[in-house]
Amino acid sequence: MQAYIIRRFMLIFITLFLVTIIAFLSVRFIPGSLIDLMVADRYRESTISSEEMLASVKEQLGLDVPVWEQYVRWLGAWPQKDGSFSGVLEGDLGKSLWTARITRDEILQRVPISLELGIIAIITALLVAFPIGIYSAIRQDTMGDYLGRSFAILCIAVPGFWLATMTYIYPAKWFNWTPAVIYYPITENFWANLGQFIIPGVLMGMAMSGTTMRMTRTMMLEVLRQDYIRTAWSKGLRERVVVVKHALKNALIPIVTIIGLQLPVLIGGSVIMEQIFVLPGMGRLMLDALSARDYPVVSGVNLVMATVILLANFLVDMTYAWLDPRIRYR
Amino acid sequence: MAEGIKEVDLGTLAKGKRLPFLVDVLVRLVREKPLGTVGAVIVLLLLLVGIFADLSWLGLPNISLAPYGYNDVWVGAKTAPPSAQFWMGTDNVGRDELSRIIYGARISMFVGLGVSTIGIILNVIIGLVSGFVGGKTDLIIQRFVDAWMCFPGIFIILTIMGILGPGVLQMIIVLGVLYGITGSRTIRSAVISVKQNVYIEAVRSIGCPVWRIMLRHILPNIMAPLIIIFTVSIGGAILVESQISFLGYGIPPPFPSWGGMISQARLDMLSAPWLALWPGLALAFVVYGINMFGDALRDLLDPRLRGGLGRYSGTKKKMPKQKAAKK
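In order, the protein sequences belong to chains A and B. Per my numbering, the first sequence runs over residues 14 to 343. Per my numbering, the second sequence runs over residues 630 to 956.
Simulated from the structure, these hints should not be mistaken for lab results.
Derived EDC-like pairs (lysine to aspartate or glutamate); straight-line CA-CA distance at most 20 angstroms:
{"id": "1", "chain 1": "A", "residue 1": "186", "chain 2": "B", "residue 2": "897"}
{"id": "2", "chain 1": "B", "residue 1": "662", "chain 2": "A", "residue 2": "154"}
{"id": "3", "chain 1": "A", "residue 1": "108", "chain 2": "A", "residue 2": "72"}
Being a predicted model, the structure only gives us computed values, none of them experimental.
The task is simple: from the sequences and hints, build the whole structure.
Structure (structure tokens):
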């Protein structure tokens with residue numbers, strides 16, 4: 014197990030290094046038009062020539078040095094112009110181009126919101142997926158199984174953002190009710206906060222439950238055909254015991270992986286839900302930064318998201334290896 | 630009935646060849662998978678509606694499936710409710726919603742097929758090189774794929790589309806590259822499992838060049854996962870495109886993308902609540918069809934992916950166990 018963890022840990026560092034390169038490059042492709050925009054913005058108030066202004070804007074953005082130097086500066090492994098080290102390694106993701114706000118603080122402020130949304134979604138997904146998936150498997154090829162499977166496919170096919178739009182439109186039309194547009198922090202008003210998060214959270218969870226449900230069914234079917242299940246039946250155990258104690262426990266391992274792998278999809282879904290339900294989370298930060306062409310913020314958000322997913326995948330792998338000894342000796 | 634089947638078998642045996650691969654798959658699809666057939670019909674419907682939305686590309690501007698052009702404005706009929714003239718009503722500037730849905734199918738078709746085509750080409754290139762060459766090359770390529778897959782798809786697409794600006798072509802290329810890298814994992818593992826077969830060793834030992842082994846001996850044997858990935862990514866691409874267009878970074882406004890139409894309908898929600906209904910239904914219908922079709926193909930082609938219920942998994946052995954489990 015130790016050797017496996019160490020090997021995986023080495024790989025994670027290489028991947029993390031590549032992740033920083035991708036996140037960094039996503040900023041460096043700042044189109045020339047943006048620099049022209051900044052030059053034009055400042056030119057009006059200043060007296061120096063436009064060439065000088067261009068040079069000063071480039072210097073301010075740190076574009077006046079070669080790309081590799083920009084990268085190591087951004088990473089924090091190379092002194093900035095004033096000789097200090099401030100970069101990703103020091104926990105500094107840079108400043109917004111337009112406002113004076115610090116990207117790290119901005120992100121930290123918004124993480125809890127996206128996290129809450131994600132937790133509600135995962136709880137919903139599990140609450141929906143497990144009972145239906147298990148039922149479908151133990152009553153294979155019955156009416157209930159067909160209904161359950163159709164429901165799973167419906168969850169995958171019906172776009173969550175469309176359902177969200179519908180919950181915005183029709184209650185407003187028929188009952189004069191709209192979701193709140195002001196954000197209530199969870200510490201101030203718990204119920205108002207929950208009321209705000211429950212609809213987008215459940216909608217995200219439904220989208221996620223489709224895949225989980227199908228995976229649960231497939232894994233349960235596979236396990237139910239094993240010899241030890243037949244042994245359990247022949248011992249005269251009750252159905253509940255066979256299904257929950259013998260089958261479900263063994264089917265859970267791959268299901269955990271699937272839930273881990275769906276994390277990027279979940280985070281992606283939160284972008285749209287936060288936009289529709291006006292929640293100031295990471296997705297909104299990303300969209301706001303994009304529409305303002307605030308590239309340091311964009312790269313910061315990308316880097317944080319990728320790191321979170323990388324660590325989550327690592328944890329999933331570790332759980333998997335811990336639960337199933339065959340993997341760590343491969 | 631039984632006689633008929635026998636005759637077909639004898640006929641093909643006499644000629645000394647089986648039915649072509651794709652025809653065989655289609656025949657089995659219709660025979661064994663009713664829901665998959667429904668899915669296939671929906672996919673076909675999308676293609677037909679997309680192709681025949683109008684025929685001006687054939688030089689026949691007068692024949693069209695859509696009653697009006699997607700950008701034809703009816704002055705004085707803004708946000709009109711559904712009627713005999715406008716079956717689905719009109720939108721905020723007075724354009725026929727039905728025509729826009731039909732042209733939207735064309736955009737979805739372009740996006741779906743374009744993305745899947747670019748994606749599958751990249752899948753094959755990355756998967757073949759990484760899986761067949763192996764060793765250090767594989768290690769390096771896979772770390773890049775790892776790093777790329779850490780970024781949530783929608784964030785990467787939004788970032789790149791934010792830089793490139795909205796447009797159909799950009800959308801297809803960006804999504805294609807994304808799917809190309811993500812799907813290469815599956816192809817790589819398929820290549821690795823094919824590589825371990827004895828016949829690969831045999832052709833290698835008679836001095837067959839590497840490119841020939843890849844193209845003539847590996848590629849035909851990974852057709853099953855390729856077809857599955859191709860089909861499934863059509864649905865995924867259509868859904869992601871609609872999300873990006875909904876957020877305003879995908880297909881630019883005059884074009885009738887279903888996602889963009891839902892986004893626009895949100896603004897007219899009080900005066901014309903039905904407008905959000907149609908594009909969403911169209912989207913759900915198409916994605917449902919593609920998923921069903923993809924599922925059926927997966928069952929027919931690659932039983933390993935679905936817990937051993939396929940055609941090649943030895944049903945004789947499985948039957949008694951299945952009965953035991955049902956009790």
